[in-house]
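Those sequence lines, one after another, are chains A and B.
Going by this note's numbering, the first sequence wraps up at 39, each residue one higher than the last.
Going by this note's numbering, the second sequence wraps up at 1576, each residue one higher than the last.
Calculated from the structure, these hints are not laboratory results.
Treat the hints with care, since some could be wrong.
[Stated by the list, open to error] Taking lysine to any residue and the SDA-like style, the derived pairs with C-alpha atoms no more than 25 Å apart in a straight line are:
1) B:Lys1312 x B:Arg1346
2) B:Lys1099 x A:Arg6
3) B:Lys1312 x B:Arg1363
4) B:Lys1099 x A:Gln38
5) B:Lys1099 x B:Ala1450
6) B:Lys1099 x B:Thr1058
7) B:Lys1099 x A:Glu5
8) B:Lys1373 x B:Ser1167
9) B:Lys1099 x B:Ser1167
Note that the structure is predicted; figures quoted are calculated from it, not measured.
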Amino acid sequence: VTEGERPPLLGRWSRLYLLVIANLALTIALLAWLTSSQR
Amino acid sequence: VSPLDWSVLIGALALFVAYGLWRGRGGHGLDGYVLADRAMPWPMVALSVMATQASATTFLATPGQAYVDGLRFVQFYFGLPLAMVVLCMTAVPIFHRLKVYTAYEYLERRFDSRTRTLAALLFLIQRGLQAGITIYAPALILSVLLGWQLHLTCLLLGGIVVLYTASGGAKAVGHSHALQFLIIMGAMAVAFALTVTRMPRGVGFGDAVSLAGHLGKLNAVDTHFDLTNRYNLWSGLIGGFFLQMSYFGADQSQVGRYLAGSSVTQSRMGLLFNGLVKVPMQFLILFLGVMVFTFHQFAPPVLWADPVEAAKLERHAPVEWRVLETRWADATARRASAARLRIDARHRHDAPALAVAEAALGRAVQEANAVRKDCVALIRTRDPAANPSDTNYLFLGFVLGHLPAGIIGLVLAAIFAAAMNSISSELNALSSTTIVDVVRRLPGRPVSAAREVAASRIATCLWAAFAVAFAEFASRLGSLVEAVNILGSLFYGTILGIFLTAFYCRGVGGRAVFLAALVAEAAVIACYAFTRLSFLWYNVVGCVLVLGLALALQPLIGTKEPAEPGPARRPRASGA
């Protein structure tokens, strides 16, 4: 079982999870900006 | 469709089948046939997961949806990255640790065989019917636009997929996904570039975006909370999260993809990559639809993109049809000229001229919309059972009418590939669940691995035959298609609730969760029958009810501690 393996990026799984969530937040912010700027 | 397009299409289909057969060759045990020997690196897991989710309908209907409704459908995917993170923390290490073949196998170890059987049967019913629709939807559109018989396109789609899926199992499916998904992405990128470069002279990318925004097509985020509104930020984040959790955590067609990863790390990386790129990818597919919409502001499209329905109107109501066509030509000509005036005014920074052009554009768009509305009314009057929407035909109609020879064949190949991707995952998952969760548990002597693989191949062929037969049947029962699509949302929440109870409520036993699942399912069906709640919320209702009821019932009717603990009892994964 390889549960203890480190991810190949960023050293810790928690950092990778944070990256995915931050990417989502940034995408939503950009899309919200697109929505409001073109009204 | 030119001879060059046919060559590209036939060549691509032959390549897909040959590649699938080649990668799936060699002897298999059940591990190889069901989970590709659990040897896939994460890029393959990521491509396979994404290819499974993106069916032909994604590439046919999504640009059409954006054409009609703007970008707001992108919010449907907002819950997906969150679901990927939660699944990486829970389901992935548990499934890997227990070395299960299917997600439902875990339920027996955690609860009892009754709960496993319930979840597996719900999956087989729902996914078996969905597989028919996965074949039917693109087969119908392709048959209409290419002028082929529907049963021929159904048979062709089902037949070419079953060739390599039955022989090579998960290995063939996974490798084919990678090749086909890269071709699909390439074709969509080429279609996007050509759409933008084919705008009329003097209309740049910025002008096209500005015009789309002015006409309300860049409505990507709606922060208004409304339970009856299908797509807004909150339904996407909350309802979408539960839907994606159910799909990726409890649907074997996805679980089988990431369990093929060679380790927990490879499976997690595949899912997290999906979490990173899925929303931007869906945005770009929708944005392609918006660009096609803008293109058609200058080069007016046909009044009704579904050629079969248009031909029926022309034949059965020729006078009304001619009047509508004349009105449509007039309104779209005025719309094109007003759109051009708006762009010129924008270039000159001439505010008064811009206001005049926008007023004229508004009137022309209103008139064009009124003509389309009258066309829908005419369709409904003539045949109340007819499909009053041409959304699914808009993008392929544009491709066939405006893209160069060769590229049309490439886009058609991409659409076939997308259909094949989803169908192959579904057939592989249906066959795995049938063998592992049903046939293997039947009383009798244990059989050899070779016989189990042979039985899996037969099950794949039988499910393919069922899916093609159901696709043909569905063509005669239009409303059934919608009913089958709703069926997924009716069961997903309950199945997810069972899994979340298994993962997080370690004191809850099989009897409590089984009863909770039955009550929750009845409540979800009641929501569907008696309320106007949007379908994404069914997943929340089903899941929360199972969790809440199981916790409440456990002290009253519960049995002793479960046999196989959830993640709370394991040592924490490093850094997770």
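Status of each hint after checking the structure:
1. A distance of roughly 42 Å separates the Cα atoms of B:Lys1312 and B:Arg1346; the hinted pair therefore is violated under the 25 Å criterion.
2. Proposed proximity of B:Lys1099 and A:Arg6 is supported: the alpha carbons are some 20 Å apart, at most 25 Å.
3. Only pairs whose Cα atoms come within 25 Å are accepted, and B:Lys1312 paired with B:Arg1363 is rejected, the gap being roughly 30 Å.
4. Our distance criterion of 25 Å between C-alpha atoms is broken by B:Lys1099 and A:Gln38, whose separation comes to about 51 Å.
5. Simply put, B:Lys1099 and B:Ala1450 have alpha-carbon atoms about 20 Å apart, close enough for the 25 Å limit, and the pair holds.
6. With a C-alpha separation of about 32 Å, the suggested pair B:Lys1099 and B:Thr1058 falls outside the 25 Å cut-off, and the hint is violated.
7. A hinted pair counts as satisfied when its Cα atoms are at most 25 Å apart, and B:Lys1099 with A:Glu5 qualifies at roughly 17 Å.
8. As the CA atoms of B:Lys1373 and B:Ser1167 are separated by approximately 49 Å, the hinted pair breaks the 25 Å bound.
9. Simply put, B:Lys1099 and B:Ser1167 have alpha-carbon atoms about 24 Å apart, close enough for the 25 Å limit, and the pair holds.
Violated hints for the displayed structure, listed by number in ascending order: 1, 3, 4, 6, 8.
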